[in-house]
Structure formats: structure tokens, C-alpha cells
Amino acid sequence: MAEAYIEFKNITKRFGGTTALTDVSFEIQEGEIHCICGENGSGKSTLMNLCGGIILPSSGEIWLNGKPEHITTVAKSEHLGFAVVHQEVPRCQNMSIAHNIFLGSSESIRGLFLNEKYMAAKTQELLDTFQLKLSPEQIVETLSIAEQSMVQIAKAIYFKPKILILDEPTASMTNNQRDIMFKIIKELQHEYGTTIIYISHRLEEIKEIGDRVTILRDGQYIATKKVVDVNIDQLVNLMVGRNIEHCKEDQKSVRNEVLLKVENLTHTGKFNNISFELNKGEILGLGGFVGAGRTEVLMSLFGDMKLDEGKIFVEHKEVKIKSPRDAIKHGIGLIPENRRDHSLIAEMSIQQNAQMVILKKLIKRLFINKKKADKNIDEMIHKYGIKVNNLSNSIMSLSGGNQQKVVIARWISNQPKILLCDEPTRGIDVGAKEEVYSILRNIVREGIGIIVVSSELPELINLCDRIIVMHEGKITGELNREEACEEAVIRFASAIG
Amino acid sequence: MKTNQELNPIKESELHSKNKKLFREFGILMVLAVIFVALSIASPSFLIPINLINIVRQTVEIGIMAIGMTFIIIAGEIDLSVGSIFGATAMFAAVLFQKGTDPTLTFFFAIAMGSGIGFINGFLSTKAKMPSFIVTLGILQLFRSVAYGISNGRSISSFPDSATNSWVFGFGGNIGIIPVQVIILVAFLVVAHFILKKTKLGFDTYATGGNKKAALLAGINIDRVKMICFIIAGALCSFAGLISIAYLQSVPTTAGQGREMDVIAAVILGGAALTGGRGSILGTAIGALIMSIIKNGMVLLGVPAFWQTGFIGAVIILAVLLDTRISRSNSFK
Amino acid sequence: MKKRVMVSVLCVVFSAFLFAACTQSPAPASDTAASSEASVSASMTNGEEENETNSEQSNKDVKLALVMHALNSSFFTKMQSGAEQAGKDLGIQVDVMAPATMNSLDEQVSMIESCIAAGYDGIATVVWDPEGFNDVIQKAKDAGICVIGLNQDAPDSGREAFVGQDLELSAYEMAKYFFENEMKGEGTYIIASCAPTNTALILRQEGVERAAKEFPNIKEKPLIDIGTDLTTAVGVIESAYLANPDVTAFIGVDAYSEAIGTFIQSQNLNGQVFAAGNDLAEGTIKHIKNNAMQLTVGQNPFLQGYYPIVEMYLKVAYDYVPVNISTGAFFVTKDNVDNVQPE
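Protein chains in written order, with this note's numbering: chain F, 1 to 497; chain B, 1001 to 1333; chain U, 2001 to 2343.
Honestly, the hints are just simulated from the structure, not real lab data.
Treat the hints loosely; a few may be bogus.
Straight-line alpha carbon distances no greater than 25 Å define the calculated DSS-like cross-link-like pairs of lysine-lysine that follow [to be verified]:
id	chain 1	residue 1	chain 2	residue 2
1	B	K1197	F	K370
2	F	K322	F	K311
3	F	K375	B	K1200
4	B	K1129	F	K306
Please read all numbers here as calculations on a predicted model, not as lab measurements.
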């Protein structure tokens, strides 16, 4: 048995009233790819933040190489050899890719001046390794979420850290990019002996790349297993503590009435000539690679992106949607891709975030009626199974999955006719995912139509009645439930055959 | 399928209880208490009722303007023109009073002018997509000239009886021992507090300042919200100007000049964040009160003139430091 | 919960104070003034030998305030020194203060209110607004506090005396001398003012214009606003000169007239373009020595700070009735400039 390299000893972490980790102890060996998996709220991100020097444990110790270490700052963490790639990252949006990668590094300076040539060259190498069609001078703000993630990972890998921690790195990647990343990770492991901590709830990935896996549940340590010794169902069981049945029910909710019809939607440079129909009770998927224009189509349906051409018909009446207010008026709701920046208002409480859209309905005689509001939020919590300690806590105190449930609840409580979902289960765990799916399936039974954009093919295929696939701004194919399989979607998404 | 809720039941009563942690304004309230106690000990004249009433009265003008500023800062904007709105509308009203215009009409004209300037600020900051810092800076200069222009460079001090006997000039008087303007300030504070915390407008203001994009996507009309905040601020500035006329019975051309810094300081001291989404009327009131108390304290203690501004600056820094400490230990980060 | 408790506690505390106020007699600040007056009258009736010991007692009790409208230039701080020196010479406490912003009426009024509460026996202040100070001066007098105006005056404000320069008269005399002796009765002039809307400076302008009427061959060109920053001021004067290249003279009406001399010196126009100004800033004195300026008028700010303190002390200690004191218009030309101290 190899020497323990990193040891977590009785780690407990409290945030105000919430306990994120309780007495967690396990060890990671040098040079292994150690996966950590668990549902949302299980404490994975907290563990990672402890290693990254962002927070300190309330009690317990982290030992490195047989010595206890107090990782008090990010600098200290980097000094110890950690490189952390976070899930939702603050980046310098207004700087170029090259500058972001070399941010704070001594390599960026030669004498008194910035070493632009060197940075650009090295950045280009990295981008090529990841097969990203970007240039080093591009401003990070203009990149898609997926591309930003990859830049982050490239940055971490470039400096050849001793310990690389990746938190949900493949969240927005295509299969191709994921394979490249796995290759790079394996290279790091074999050639440089890097220890890799890989946090994910994509169990197939864990099976593919991990040596060992540690399971956390509700902030507690459950078990550590060799990846070869477990199968996916066993993993899920350990994670969730219960058996999950994958619901692939036969959807009989689709009605033969057209709810939404769009004709020739065009926004120069983003999408072209998009036409399709959405029926009542139908879940329509929009498939395609990152950059195909799917999010942009949704944005234009919601009034957040101008339409150069095209018509929108809701229930057979043409509507002009110039702003999100218009869209809401016509019964459309949107769950944006970027939860942190486009859905949540961090300074506001859970209750406030949840009731944002329906606030008008909770008003009696000019003032917000507390009784009505409280009753409403109680219903919401029960209906959607939102795990919360106190409703006046900031929304940021909830786990990703619960946050997303709040966002979903926010829209559904407004009784929309059409719900647009952009990556609805991004960054949430298996258990919560299933809950979201069942929520979506429930509401279509009442005749609501849903359009789902998703980069997770299994999700798309399981959930949708029909899938429209886009490639570089155009629709390349359509598949119904029987025809839908990963191969077919990918073929359309790459505009092959 | 069992939900999380059923597996981990949470006590219903705990769910809705207001945060048991210290409320946000606690830090600055403690600062106020400390200063108050310190001055009571250091100076025998501090606790004299007349002095305390003076302090509260001296807080009125800044306080009323700070109410409007609170809305604007919570909404994520800034208004540098408050001093000029104050001065220009006061000048305008003074000229009308002098000419013998019906005082009630003059009152409404003044408020209308203030609201109008606020409207311009709001319009340019939202529809014309200009940064409010620049817009209000320009308006500051513009309306300072207007004040000079209206008055032809002179103070306006003599008012006919038709004006001085009117209810508007009653703002400068007392009811018993309590100045009328203090009652007005308190009334505005209460109303503003309710608007911010209990109405949709207040909610939308916090949302707009907290995350503009998210608020927009949730269907909030952020342009309208900001516009309303600027108009409220403008109207309140002109109200403060009228109170000033009533109390001093004179409007110098420099009226209001430089006050914007005091107003903004009061709001920030009270815990508002310049980035928006945070702040409260209670906090602003405490902030304004702290500044008045310090100014008063320095006179009572005979602090040398040159130290006075420096002292205020030091207290502001210390107060914000203390407040950040307290709120950081409470927050989730 | 805690919040509600806190707020209610505060409300209770403040209400308690207000209730206390209602039951007390008004203006208790007069107590301190009353006590010093009591000791004064005691000393008056107890015969002369006891005067000295009793006046020593009341000496220590007397505290006076000087509330300026600004302290942002050496001219005003000279007044501060005058007041503080008077305090030292008399052995009494003198506090000098001013609002951070110049000419802020409500802040200055608030300061005076605080002084009343602080129990000062006398308050000297610059009454620069015709009626804005009326109420607060009345409040001070009701509390038995002596109020004396200095530097700028509002005759109807209720101040018991004024110490300073007769602004209109001194400007008239300055201009008359200047027109006659330097401009020799001919030419054009431009008035430079640092604050064209300031009442005091307007009075000086009027003095200059009154003198100009007596010289039919002297014409006025429009006034320029040079502001209170020396560099900007020089720039404004430069532009004015470019616009009026044949102007004969610049006349400054305030301490920033130094800028005129700076302009003339830097352009080597000494003796070609004439300049008259006000106050004895170091730069202005230098300009007169170099003939960049020909005339300046001192108003003795030190005395404007000193005398009010003396007058107030005399009133408090001996019930003396304060009188107006003119600190004069002191002409400085190259003939006497070497004997003059800058201020």
C-alpha cells in the first residue's frame, strides 16, 4: 500500500448555521487519480476550497507528506503544489486568454515589461493541445462558458502542479474535448507523477479515468473504493443512500395543438433561418455542440437578443418580443444557462429569489403580504423538495442543485405556457437531476411546452419527445423519440451526413 | 421517490424565523452608541436637550437628501448632482416667493423642478445608456450655473409676508420644542423604509442593484426602477431646499454646494454598497446622525479647526472597518 | 428580534431626553453665561481692590469662539492667528472653527448653534449673507451670548458690532488713486474677481466703478472670474489679455489678485500693463517690488481676528458696549513695500 500523500483528518467545516463537512477523514495517494463524488450538498466543493486556501476548517487537519499544513491563503496552497480549477470561476473577464493564463505568474514578466510574445506563443500551444479554435488575444468575456472552463484547466495544467484538483471540469465539454482532457490528465499522471483529485458526478467518467473514488454524502465520509471494484449502480447507491429508478417513461403528454411556432428566426452571425413548432405537452430538445447557436435562439425567444428577421407565434397569434417583460407577458419563462450571473441575486434571500417573478401576485394593498408570501414559499419548498434551513439566508448558502430548484420554482409558479431551459441540470448531482426531470415531466402533463438545450446527450435523449439539432447557427436535423440516439445527434451536430 | 425534504425534515418554525444572526445595521448602530457615550462623557454640553435637538435638526437636510440617495445607490447608480438640485430649486423657489407667487403653488413648482431634474438624470442614465456618474456630474455643474443665473449672483433673503406667513415657511418652525422639519424627516424615513422593504418597487430596486441582468431576465423593468429612484431623489432634494429657505430665510448662491459628499458618506456609512443591492433607510439615518454628532462634538470639545475634516474622515474609515468586520463574520462567504 | 429590541431601546432613550427637555426651562445654555455675568456684577459692586482677583476668576471662565466661513487661505488663517493671539494675551480660551466647504450657509449656522449649546460667552463670525444669519444670531443673543461680525458685514443681521474694512469705500479710494497716479486718467481696465457672486467682492467692484465715473477717459471692460486656484486664475487672465490686447490695467478685488501679477511677470509686461490688487499675500508683495503690480490694499486680517476677541472679552468682563472698528485700507506701493510684512 502506497504512502498516504494527502490526508484529511477529522475535517469539520461550519458556515454560520450550516455544517458542510462533518468529521471527514480519508487519504489520497501520490500520483493517483482520485475521484470524489457525491450529491450536491455533500461537501465536495467545500473540501476542495479547503485545499485551495480559500477557507479554513472549523476543526480537523490537512496533512501533506506526513506533516500537518495550515493552508491559510491561496498563495500558500499554490506553494504547497496545489492547483485548483473551480466549477464556477471568477475570471478577469476583460483580459485576454493569454493574460488570464499567466495572471500573477513570474513568467509573464521579462525585466520590467510584459513578455507578450512568450505568453502568446505558450498560450497558442495550450489552445492547440486542447483543440480550441481560439486565439490568445481574445478577451475571455467573449468566450462561451465551455471555452472559459477549458482555458481555466489549461492554465492549471500549464504550470505542472504537484496536485491538480478539478471540479466538474467536463460540465460543458463535448465528448471530443473531454477525451482530449482525459488524455492530458493521464499524461500528467504518468510523465510528471501529478496527483489528481477529480470531482464529478458523471459516474461514467469516474469509471473511465479514476484509480480510486471517495464517496461523500451530506458532508460525511461514506467510503473509498478502487474504481475497478465498483459498478455505477453501486456508486449511485453509496452516493444517494437509496435506489434510483431511471425513469424513461413513455411520454403520453404530447397534444396535437401547436403552442409555439417560429419562422425564419435570424440573428446575423449567431443563427439563421430557424423554424420549428412546439406542441402543448411536448418537451423539445435543442441539440448541438457549444457554439451552435442554441442558447442564442432561446435568448431571442425571451427577448434578450434582437431578431434581425423572423416571426414568433404563440398559440397561433403573432407576438413581438422585444424584452424579457414582453416574453413573460406572453407566458414564456427562461431558466438561463449561467445560474450565478443570470439567475441569482446573491444579496437577496432564498425566499426573495424564489418569489421574484410572482411578486406582483403577493401584494395586497400596496404592500407585500407576508402571510401570503410565506404560504406560497412553503408550497414551493414542498413541491420541489428544496433543502433549506432558513428562508432568509442568502441564496448563495444553498447547494447548486437546490439553487436550481429555486430558479425552476420561480418560473413555474408564474404558470408559464412555455418554459425555456438552458442546461437545466448543469452543476447538479444525480439525485437532484432526477428530481428536476420529474418536475419537468410533471408540468408538461398540464399542457405546458418545454424547450431544453442540453450538452448532455443522455439527458437530451431521455427527456425529450423530439430533438432538433443545430450546427453553426442552422438546423441540421430533427429526431423523434424512437430515432434518438447519441450517434444520430452527434452526426447532425457535426453536420455530417 | 422520496424527496430530500422527507429524508431530512426541517423544523417548520425554523424555516421562517428571521435570521438569528445580528442584523446588518448592528455594526453601525454600535458605532453610533460608542460615539454618543464618548461625547456624553467628554463634554457636559452634549446631553443638554437643546443640543440633542439641534443635532437632530442639523441632520434634516442631509438626511432627507440621503433618503433619495439611498434608493439610487441600492439600485446600483450614483447621483452627484444632489447639492445642485438643492441649490437650484431653492433659488427658484426663493425668486417665486419674492415675486409674491402663491406659496402653495411655489411649493409644487419647486418639487416639480426637482423631480424634473431627477427625471433628466434618470433618463440619461438609462435610455441614453450613459454612466450615472458622468451624467450627474454634468448636471451638478449645469444647475450650479442655473442657481447663479437665477439669482444674478446675490443671496435672496427678503421675503414678503405672503410667503413668510405661509405654511411652507412653517417648515422652519417648531411644535413645542420639536422642530417641524425633524417631524418631516422622520415621516419621510418611515415611508421610505416601508417602500424599500415592503413594496414591489423596493424589491425591484434591490434586485436591480444586486444583479442587473438577473433582474432583467426575471421581468423587472430596470430602467423604470432607476428612473423612479432618480425622480424621488430629485423631489426630496427640492423638499430639503424648501426646508432650508424656511429655516434660514435666506438662500445664498452657494446653497447646497459640496453637500453631495456628505450625503453619499451618510448612505455608505449606513452600510450601503456602492456596487448596489445593499443598504437600508435605517442605516442611512444612523450614518447621517453619526456625521452630525461628530461635527457637533468637535465644536463642543473645541477641536482645532484643521483637525475637524480629518477627524470626520477618520471616523468614516473606522466605522466602515468595524461594520465590515461585523458583517463579514455573519455572512456566508 | 434583536433588531426590534435595539431600535425600541434607542427610541425610548431619545424620547426620555425629549421629555426631559419639555419639563426643563428653555435655553439652559444661558446658565453658563449667567454665571459669568453674575461674577462680573459681583466684581463691579465689590469695589476696585477686589476687581483684580475677581476678574482673574472670570478670566479663566471666559471662552470665546471665532466661526469663520472658510479657512482655506493664508488670509483667513491670519484672522485665526489674530484671534488666538488675543486669547493668549488676555489669558482666555479662544476656539477657531469653520465648515469644510467655503460659504456653506447651513453648515456655518449649524456650527454657531453648536457653539451656543457649548456655552461660549461670545461668538465672532463672518456674516457674509445679508439675512441668513439673522435667526441664529438672535438665538445667540437670547442666550446672552455676544455676537460680533468681522471681515464681511450684514448690517441688519443683529451683530452687535463689525470689525473690518469698509469694502466699498476702500475699493473706491484704491481705484481713485490707481486711476490718477498709475493710469494717469486714461485707458481701459478689467476687474478680476475670484467669486463674482460674493457680496463682499461685489461691494469692492462697486467702489471701483464709482471711482471710474470720475474719470471720463477711463473705460471698463467686462469682468472676469478667476476662481480660487492660482494656476487657473493665471490662465483666465491670459485669455482675457489675448481677447483685449490693448487693455491698460487689471484690477483685482480679492487676495487672488496675486495671479494678475504672476501673469504680468511671466509675460514680461511689467510697466506696460498695470495692476492693482487686494491683500498682502507674499506673491503680491513680490510683484510690487518687481513692478508687476503697482498697488495693493491691505485690510489687516490679523486685526480683524484680534479685535473682536478683545471687544467680546470687554463686554463679558466689564459690560462694555462693542463698537464698529475699521481695520483700515492700507495702501502698499513700491515706495513702502520694503517695510511691509506679507500676510
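**OP:** Determine which of the earlier numbered hints do not hold for this structure and return their numbers in increasing order.
**Re:** Structure breaks no hint.
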